[in-house]
Amino acid sequence: MVRRFILTGFIVFASFMSYKAWTIYQFNQMPSQQRADILTSIPIEGVFSLTDHNARSVSMKTYFGRHTLIFFGYTWCPDVCPTVLSDIAVVMDNLGQQSKQLVPILITVDPERDTVSVLQDYVSNFHPDIVGLTGSLDEIAKTAKSFRVRYGKMYLDPDEPDDYSMSHSVTLFLMGPDGKPLRTFRHNEGADELTKELRAVFDGT
Amino acid sequence: MKKLFAFTVACLILVMGSTHELRANSVTVGDLVISNVWARSTPTNVKTAAVYLTITNNGQHMDRVSGARTTMAGKAMIHQSKMVDGVMKMEHAQHAMIKAGGKLEMAPGGMHVMLMKLTGQLREGMVFPLILMFENSGDVELQVTVKKTGS
Ligand SMILES: [Cu+2]
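Same order as they appear, the protein sequences are chains C and G. Using our numbering, read the first sequence as starting at 1 and increasing by one per residue. Using our numbering, read the second sequence as starting at 1001 and increasing by one per residue.
This is chain C alone, in the form it adopts within the complex (with noise of 0.2 Å):
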């Protein structure tokens, strides 16, 4: 009896175990995109204790009663950053009236060089309504952690150690007006696209 009992625990176990090894094989045979969009569709906790690019100590709490939508990259960033805070700061214009209902906050992956005053600068070349925000290199970390996002340092030259670039997940995420996450956007969405989903969500379609 009892070892009729092992027998099938041994067997429900076994079972169990190779159906996970072959649902992480086949996650691995996927191709890259889709695994990031599977991460990335897990829910989030999304919660951040930062501060803002006018000094302002803030939390998700400081938006609630708005949405937002959180984008994490660096003022060094020449390429993918600029382009997407440029479609941000176009939906910010597309959306009208309906802007005021979200807040579009940019995070830095880099705050050694991304001090408050700097985000300042930064964030206004975009769009008047962008947050900046910063923290010391643990607060950032653990945000990134409760956003599931990655990023690293990157050396393009090793003598050059002050030329470094950064690495960073660039998923957009939508937060309800209850701090909540949403949904997510992928980078290059495109701002007509993002006006559109974002304009679906504020009407409630």
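In short, the hints are calculated from the structure, not lab data. Don't take each hint at face value.
Unchecked claim - Simulated crosslink set (DSBU-like; lysine-lysine; CA at most 35 Å straight-line): (1) G:Lys1082 x C:Lys20; (2) C:Lys153 x G:Lys1047; (3) C:Lys142 x C:Lys180; (4) C:Lys196 x G:Lys1148; (5) C:Lys142 x G:Lys1117; (6) G:Lys1099 x C:Lys153; (7) C:Lys196 x G:Lys1089; (8) C:Lys180 x G:Lys1089; (9) C:Lys20 x G:Lys1089; (10) G:Lys1089 x C:Lys100; (11) G:Lys1075 x C:Lys145.
Once you have looked at the hints, place chain G with the ligand on chain C.
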């Protein structure tokens, strides 16, 4: 008198506008046509920028961009922005090929000429020289038009 003055100013603006247009226009070197050469203006403290452009090859032979240089930056190199497992990275590309009869587009989110150690801020409306080094066509000087940040 006032009218004449206004007319002269209008003419000047027109002429200046059109030379600006010309400078921003395409450069032809043999079978290669290089057009739409631009960069975004940069914030005060930032020392990096990206130059975008389009190269059309109307010839029978491929050519490759092997590098770039400019007086605006201490360093210029060909970069490729790339998603690797959901993380965006910029990688150094040794070459950028333009196939025979083909077209190479360096546009936001992909390939660009990366400028590092900028010697000055890139401001909207500015035009600065950039030399592209081609394997077959040699060095080609281009004029980069600086557009506003939100472009
Ligand atoms: Cu680059």
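Comparing the hints with the structure gives:
Annotation: proposed proximity of G:Lys1082 to C:Lys20 holds, straight-line Cα distance about 30 Å (limit 35 Å). Our distance criterion of 35 Å between C-alpha atoms is met by C:Lys153 and G:Lys1047, whose separation comes to about 16 Å. At most 35 Å may separate the alpha-carbon atoms for a hinted pair to count; C:Lys142 and C:Lys180 meet this at roughly 17 Å. For the given pair, C:Lys196 sits about 25 Å from G:Lys1148 by alpha-carbon distance, which is consistent with the 35 Å threshold.
Proposed proximity of C:Lys142 and G:Lys1117 is supported: the alpha carbons are some 31 Å apart, at most 35 Å. A C-alpha spacing of about 34 Å is found between G:Lys1099 and C:Lys153, which places the hinted pair at or below 35 Å, so the restraint holds. Simply put, C:Lys196 and G:Lys1089 have alpha-carbon atoms about 28 Å apart, close enough for the 35 Å limit, and the pair holds. For the hint linking C:Lys180 to G:Lys1089, the alpha-carbon distance of about 29 Å falls within 35 Å, and the restraint holds.
With a CA separation close to 31 Å, the supplied pair C:Lys20 and G:Lys1089 stays within the 35 Å bound. The hinted pair formed by G:Lys1089 and C:Lys100 meets the criterion: a straight-line CA distance of about 33 Å does not exceed 35 Å. Annotation: proposed proximity of G:Lys1075 to C:Lys145 holds, straight-line Cα distance about 34 Å (limit 35 Å).
Hint compliance for this structure: no hint is broken.
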